[in-house]
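Novice: Below, each chain spelled out in residue letters.
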Amino acid sequence: MRKGLLLVTFLTFIASIAFAQTRKINGTVQGDNGAVIAGASITLKGTTKGTTTNNDGKFSIDVPSSGKAVLVINSIGFGSQEIAVSTQTDLSIKLTSDSKQLEDVVVVGYGSVRKKDLTGAVGSLAPRDIVRANPANATQALQGQVTGVVITKTSNKPGQGFAIDIRGQNTITGATEPLVVIDGVIGARLRDINPQDIQSIDILKDASSTAIYGARGANGVIIVTSKKGVAGKPKVTFDSYLGQKQPAHLPQLLNAQQFYQATATDVVLNGGTANTFTASEMNMINSGKSTDWVGLVAKPSTMANSTVAVTGGNAGTTYRFSGGYIQEDGNIASTSFKKYTLNAAVDSRLNNWLRVGITAYINYSTNPTGSLEILRSAYRARPTGVIYYNDIVNPSEGNDLAIGPWNDLSIWMGIKDNQVPNPLIDADPSIYQNTTTISNPMGNAFIELTLLKGLTFKSSLSASSIDERNGEFRNTLSKSQLTNPPRANYSQKNWGTYTIDNQLSYNLATGKHKLSATALQSAYKNNAENYAIAATNLPFGSLWYNLGTGTTTATSGFSRNSLESYMGRVNYTFNDKYLFTLTGRADGASQLATENRWAFFPSGAFAWQAGDENFIKNLNIFSDLKLRVSYGEVGNSNVAAYSTQAGLLTTSYSFGATAVSAFAPAAIGNKDLKWERSQELNLGLNMGFLDNRISATVELYKRNTRDLILNQTLPTSTGFSSVVTNVGKVSNKGLEIMLNTRNIETKHFSWNTSINFSKNINNIEALANGVTSVIGSGLFVGKPVRSHFDYQFAGIWQLADSTAAKSFGQFPGSVKVTDTNKDGVISNSTGKDDRMWLGTQLPNFTMGMTNRVSYKNLDLSFLFYYRNGTMYKNGMLDGTMADYTGGRYNKIVMNYWTKNNPTNDFYGPGVSQPYRGARSYEDASFIRLSDVTVGYTVPKSILDKRKIERMRIYMQVLNPNYWTKYNGMDPEYNSNTYIDDVPNLTYAVGLNIGF
Amino acid sequence: MKNNNLIRYICSFVLLGLVAGGCKKTFLDEYNPSNRTTDNFYTTATGYETLVNACYPLLRDITQQRIPTLNGTDMFSANGWTGTLLFPTLTTQSGSPYDAYDISLNSSLGELQSLWDMLYREVNRCNAAVTRATAVTGMVDSVKNVRIGEAKFLRSLSFFWAVQQWGDIPMPLTETTTGSLEVKKTAAKDVYTQIINDLNDAVAKLPVTQKDAGRVTKGAAKFLLARVYLTRGWNFNNSLGGTSADFTSALVLCDDLISSGLYPMESNWNNLWPIHNKNPKKETATAASSVAIANASKEVIFSVQYANGTGTAYNGDANLSTSTGTIGNDLHTRFSGGPNGVAQESRTGTYNRFLPAHNVTWGAYRLFDPQMDVRYEGTFNSVVYATIAGTVSLSANKPYPQSLTLSYAISDTTAIVLPWNVPMTSTAQLGVNIPGGTKKYAVQNVVDLFWLGKLTSPTQQINDAMSWGGPMFWKFWQPGIAYGDGFSTFNDPLFRSAELYLMAAEAIVKGATGAKLGTADVYYNRVLDRALGTNAGKSPKCATNPGNVLDPLTNVTIYRATPSTINIDMILDEYGREFLGEGNERWYQLKRTGKLIERATKFNGWTAWGRAGVSQIAAKHLLRPIPQGMLDNSSPRIEQNPGY
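Line by line, the protein sequences are chains A and B. Counting in my numbering, the first sequence runs from 1 upward without gaps. Counting in my numbering, the second sequence runs from 1001 upward without gaps.
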């Protein structure tokens, strides 16, 4: 073949000399947006002859006057195009932009297919969706934008993670998080990639799609493809934004006067004993002053990102390098997340049978989180306390005389209590520091050989080494140390993983038949190592950098697990209309019982491109119609290493002064542990109407999981509290609808809407050994996992109910709970249990809606997100933040009961509350306007003079508002303020520029 | 061209070779260098020794769960019972669940769950030690038998505590190696049979002395056996299978241990406790020297070891979620009374940390003769000294507002409490806390402690910068230790020989025959006379109705025993005086003797008050509710005890 090519070139060369008869062709090159493209290269195929377009996108080139000539047109950011020229002399060439081209391709794991050829359920996100709301963590970008994916934040702290659930809860124990693959690095973390570097995110949802990843894909797979080099002149892009984060949407706390009313006046009114106050507190109360501790510790802060990228290359080799910086400061003092990323990707076709490539990421992040206690202390500290020592009326009444002042601050704030010291002290970096730094080099290298036409062999190695260090320092006067000498911890954790994949692929296309087959062998190993040193009695504030000066204790540990897999996949397409996929994968997991290690997971899918059938075309209804069905099995071995072994627990004792080693059985080793298996049926429908101005994707699925791996709670009379075991069956049924509409599309004005809806019904079908409920694990046959089972809040006992209340041992103002079995006694004992199933933390459904409007050079987009039906046992209500039974701590404002306010909303202070906890269950449904962005693209006419290719500036508001009935900080997750930050609202301005 | 192909095929071959090489057979074998397993470690002599060692540390966790064993008795309540309880208008007030015995005493109480969890965790470890012994290689049988004896003793101790709390209980006798939700209860009488069999076996296997201090000995096993027989003899609810012969069995064991001479009583009762100065600023003992005598006392037959105070000594099981997680004994922090807060260091160990979970009832103070019985001063400290220089303004004083500013130097007295039987008689004795008082410190007596007649409304602010809650319970204080929940190096004495005399007396009163020392009063007075010290032989007096604070002070009773006066109540009073706060025993003593309801109602104001002024304690409370976790995690769900 090569010989042939050489011959042709040679002959062409001879011919061009011999005849040298040419003719001139003129042309214009435009992008798909209609703008002319300057600097596009035009080459005559098979020759070195070429030219480039001028600033008006025009070119002219000589071609042989006889015979067919083929022009190859290339431009950065656009797909390559070949045009056969016969007799034309004037050409108008339109190039399709790369991003659009890539959008039409879906990455499916060990390969990619045209969207048109997809047989499974896959959701995709393009760059504009990923960076739209400028997430510091790419995970955030998935929220509200992809069907079947529920993203929940776990904290307001900067740099903290998100929980990702794809299609409900299949497993219960261990991570329910999906597998993340970044450029072939399997098991990577989404937080470790700069969102600006991402070309596409593809979410594999159904069993047929994830089958290729076998066990590791049991909770779904998220495939991240980074931006790659594009052949052409070097092209530079610069993306940056800067924003200010304001504390916002805070629950209101009692002020000093309300606090007095709630803990003294109204307590007495209700028949209880008034809280006591010091003279200093009474001074605050009587003079109308109040201290807003939350306001004092939560301040506006900054978020920023800058990413520079260079791409380029020639026909054989392309490259992309990028460097990025992301900063997200917390609103709580001294808390921040800073991440530095470097990315390099080189792909080179060395000759017609050998291709090699490497992608490398280096990330470094630093995440000081400050004291774990600051926010909780600020919510607990009484509003009657004073900030400065000199403002205390009578320091002898409390403990202030004993310690303080420090930097003029009062320690005990003039309050006669010594549980919560002044939160401003813990907030000071000289008193408390806690910093996590993570460095994570990861990368993937491959070599691909073309053995025969259509047959390739690819071997790739991906590796990642996450190195996480945490230092924590607590000085004297920090809440936990107070008068004790400083203490510090320093710990390091390392996860080193590698995956080797060897892949043999064969492609064949003849006539109406297209066949592609893939065989894969894969080996994965993960080593986790850790050590920690804790030191007490440090002589000075050396942070965690001089632990040897104190009394130290050290711990260390190791764990390893490995997975070995063999897989095969066949795709067959007939006539581009009938598409078949068959996949089989065998996995062996080290952490399961020896005889149960190996399992085989088959799957198959079929799609029918019905829209291409004439009888559908003739209906003139659908511009696109495709039906898909898939069925497959996947497994999950997501348990800790050594779960089948009964390890030892290190404890110690001393006989007299002699310390001795003491090793107790640590856990029950489950020697029967086996794979959790799921079967999933997926029905999919793609529809397009009105030339695809309306397009919809509908997915219906049912997944049955058996041999559920559960960390099952045990009756403690066994000596243990839990065992990792296979129990029962759970099912997930769901409906996902994605609707895209191009509402208005004119030359200057366009408006697109994208709406998605996801509903998942989770149900426990059976538990092991015929058990119908394990209350301690929250498992009930016929109910979803993550259920709440408790007494039901039934309002407040009113004065008129005194007699009835008394029969339950209750008083007016107490929380009333439902006497479910109507036996006149509230009990949780066997046979007369009044507790009932209340709800689940799993949402009923979620919805997202994105609107994009553009008018000339202006663009506007905004996203609404709605979550319905999640129930939390509200950590704020359940903790001290709404504990109206006591007067020790401040509380959020609640409409509480008094003899003069007979509400059923919240119980009365001063009245005993044995069932206070029942009030804590709340519906955490919410609608959030997630972000609004307004952008302006500078016209090309202005940019061209400055050799700028593209420039856009924008303004953005993040989290402007949400609507909920939930009492607390943020309904999205259940916070009790411990180790947390306040909710925020962010204003940002940004710039995208390309040269 | 050919070369190219060759290279291509060589490359493929090499890569495929790597694939084949990657699939080693051992690839999926688990590699676990950081831990050993029960199956490969406990078969060695070293491993087995560490397993038996691991049966001890949970004793620390278990014995620190004092709320279910001390509160709700005649001697202790969670809250002090001064103040608000005197106002019947406070209908919503109630004491802690353990004191009130009301609806809040139910299966969801964390302390009961913790105690249960720890006891069964301990049982499982002991079971492992008992069942794995035969497979151990390289260990001589004589040593192995001693270790089995230790494990059987510790298992019996755990079952004994559990059966007293809950009655019919699960009684696993083999190590748990697979998880099961099914739980079977064993009848209390069968649990007693098992305990007695195990203890008899332990007595046979254990040596008289052990090389290691704090290991179980033959004497400890006999002591526990005596207590078990005594308890079975009372035969709670006729459910224990006890007979009157059990009292004689108990007596024989007590006499045997007394006459062995191995466990002589200390001549000075105070030698049993850490040395401590009433004024901590004048303390001369160090942390180590303060406990040297007490930890070496021969009177102690078995104690929980804390003497090694270094960082490696976890407080029992650091991995237990219910564990306090701190290091060392916490006895010194858990009882009523710190200083009055005037001119005091904050959050330091000077006056020991006070986290009073067990407040002494007023009745308990009035059981002691403050003048004659060394145990009054040995148990209570009635004076507070300033530990820092400070100024106190009394402007906010209520209910006696007076405007005064006082300055204190270190070691100045800031408050005293008068003995209960010597009230203030003249205004010259008044402290600064009362208008017209001349003493530069607070002086409090019965009247002050209860604000008798001084408060007219529950809303009245009691915000007196000087006043004091009552004498400090300081028996277990150890000077020089760090501020915190634990850190004491005082070995917690679970069994000491003084109790043998009182157990013997109890057995004789219940009809045991063949006593070696004489009648019950002889045994009783041995304990009393040691406590009277130089007053030995004299007749100390306690309040006739200790729990009734309104009773005239002249209403007192001699508590020296005579053959005609000795009875169970006197013996229980003496257990109270001698062992106040020790050994996690009070609730069990009262339950055993059938006196819990009567005495708790008489002494403990919160029990008398019950709920809304109606006493709630009833016969059902003699068995605790099975913890909720057991009900919720067992399947089929196990039965709750009746009445809950």
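Incorrect hints may have been included.
Claimed, not checked - BS3-like cross-link-like pairs, simulated, lysine-lysine; straight-line CA separation at most 30 Å: (1) B:Lys-1144 to A:Lys-671; (2) A:Lys-115 to A:Lys-338; (3) B:Lys-1211 to B:Lys-1298; (4) A:Lys-759 to A:Lys-856; (5) A:Lys-58 to A:Lys-338; (6) B:Lys-1510 to A:Lys-416; (7) A:Lys-783 to B:Lys-1211; (8) B:Lys-1439 to B:Lys-1510; (9) A:Lys-299 to A:Lys-338; (10) A:Lys-832 to B:Lys-1620; (11) B:Lys-1184 to A:Lys-674; (12) B:Lys-1185 to A:Lys-822; (13) A:Lys-822 to B:Lys-1620; (14) A:Lys-899 to A:Lys-289; (15) A:Lys-806 to B:Lys-1602; (16) A:Lys-945 to A:Lys-58; (17) A:Lys-729 to B:Lys-1440; (18) A:Lys-68 to A:Lys-49; (19) A:Lys-671 to B:Lys-1184; (20) B:Lys-1591 to A:Lys-832; (21) A:Lys-416 to B:Lys-1595; (22) B:Lys-1185 to A:Lys-832; (23) A:Lys-228 to A:Lys-525; (24) B:Lys-1282 to B:Lys-1510; (25) A:Lys-671 to B:Lys-1185; (26) A:Lys-228 to A:Lys-115; (27) A:Lys-783 to A:Lys-228; (28) A:Lys-940 to A:Lys-759; (29) A:Lys-940 to A:Lys-233; (30) B:Lys-1591 to A:Lys-416; (31) B:Lys-1211 to A:Lys-832; (32) B:Lys-1185 to B:Lys-1602; (33) A:Lys-416 to B:Lys-1440; (34) B:Lys-1440 to B:Lys-1278; (35) A:Lys-702 to A:Lys-729; (36) A:Lys-416 to B:Lys-1282; (37) B:Lys-1440 to B:Lys-1189; (38) A:Lys-806 to B:Lys-1620; (39) B:Lys-1189 to A:Lys-832.
Note that these hints are calculated values from the structure, not bench results.
Novice: Determine for every hint whether it applies to the structure shown.
Specialist: Hints and how they fare:
no.: 1; hint: B:Lys-1144 to A:Lys-671; verdict: 29 Å, holds
no.: 2; hint: A:Lys-115 to A:Lys-338; verdict: 37 Å, violated
no.: 3; hint: B:Lys-1211 to B:Lys-1298; verdict: 15 Å, holds
no.: 4; hint: A:Lys-759 to A:Lys-856; verdict: 38 Å, violated
no.: 5; hint: A:Lys-58 to A:Lys-338; verdict: 46 Å, violated
no.: 6; hint: B:Lys-1510 to A:Lys-416; verdict: 52 Å, violated
no.: 7; hint: A:Lys-783 to B:Lys-1211; verdict: 58 Å, violated
no.: 8; hint: B:Lys-1439 to B:Lys-1510; verdict: 52 Å, violated
no.: 9; hint: A:Lys-299 to A:Lys-338; verdict: 18 Å, holds
no.: 10; hint: A:Lys-832 to B:Lys-1620; verdict: 17 Å, holds
no.: 11; hint: B:Lys-1184 to A:Lys-674; verdict: 28 Å, holds
no.: 12; hint: B:Lys-1185 to A:Lys-822; verdict: 29 Å, holds
no.: 13; hint: A:Lys-822 to B:Lys-1620; verdict: 22 Å, holds
no.: 14; hint: A:Lys-899 to A:Lys-289; verdict: 27 Å, holds
no.: 15; hint: A:Lys-806 to B:Lys-1602; verdict: 25 Å, holds
no.: 16; hint: A:Lys-945 to A:Lys-58; verdict: 17 Å, holds
no.: 17; hint: A:Lys-729 to B:Lys-1440; verdict: 75 Å, violated
no.: 18; hint: A:Lys-68 to A:Lys-49; verdict: 15 Å, holds
no.: 19; hint: A:Lys-671 to B:Lys-1184; verdict: 24 Å, holds
no.: 20; hint: B:Lys-1591 to A:Lys-832; verdict: 27 Å, holds
no.: 21; hint: A:Lys-416 to B:Lys-1595; verdict: 40 Å, violated
no.: 22; hint: B:Lys-1185 to A:Lys-832; verdict: 20 Å, holds
no.: 23; hint: A:Lys-228 to A:Lys-525; verdict: 28 Å, holds
no.: 24; hint: B:Lys-1282 to B:Lys-1510; verdict: 48 Å, violated
no.: 25; hint: A:Lys-671 to B:Lys-1185; verdict: 27 Å, holds
no.: 26; hint: A:Lys-228 to A:Lys-115; verdict: 20 Å, holds
no.: 27; hint: A:Lys-783 to A:Lys-228; verdict: 47 Å, violated
no.: 28; hint: A:Lys-940 to A:Lys-759; verdict: 44 Å, violated
no.: 29; hint: A:Lys-940 to A:Lys-233; verdict: 19 Å, holds
no.: 30; hint: B:Lys-1591 to A:Lys-416; verdict: 39 Å, violated
no.: 31; hint: B:Lys-1211 to A:Lys-832; verdict: 54 Å, violated
no.: 32; hint: B:Lys-1185 to B:Lys-1602; verdict: 34 Å, violated
no.: 33; hint: A:Lys-416 to B:Lys-1440; verdict: 23 Å, holds
no.: 34; hint: B:Lys-1440 to B:Lys-1278; verdict: 19 Å, holds
no.: 35; hint: A:Lys-702 to A:Lys-729; verdict: 13 Å, holds
no.: 36; hint: A:Lys-416 to B:Lys-1282; verdict: 28 Å, holds
no.: 37; hint: B:Lys-1440 to B:Lys-1189; verdict: 61 Å, violated
no.: 38; hint: A:Lys-806 to B:Lys-1620; verdict: 21 Å, holds
no.: 39; hint: B:Lys-1189 to A:Lys-832; verdict: 27 Å, holds
Checked against the numbered hints listed earlier, the structure breaks hints 2, 4, 5, 6, 7, 8, 17, 21, 24, 27, 28, 30, 31, 32 and 37; every other hint is satisfied.
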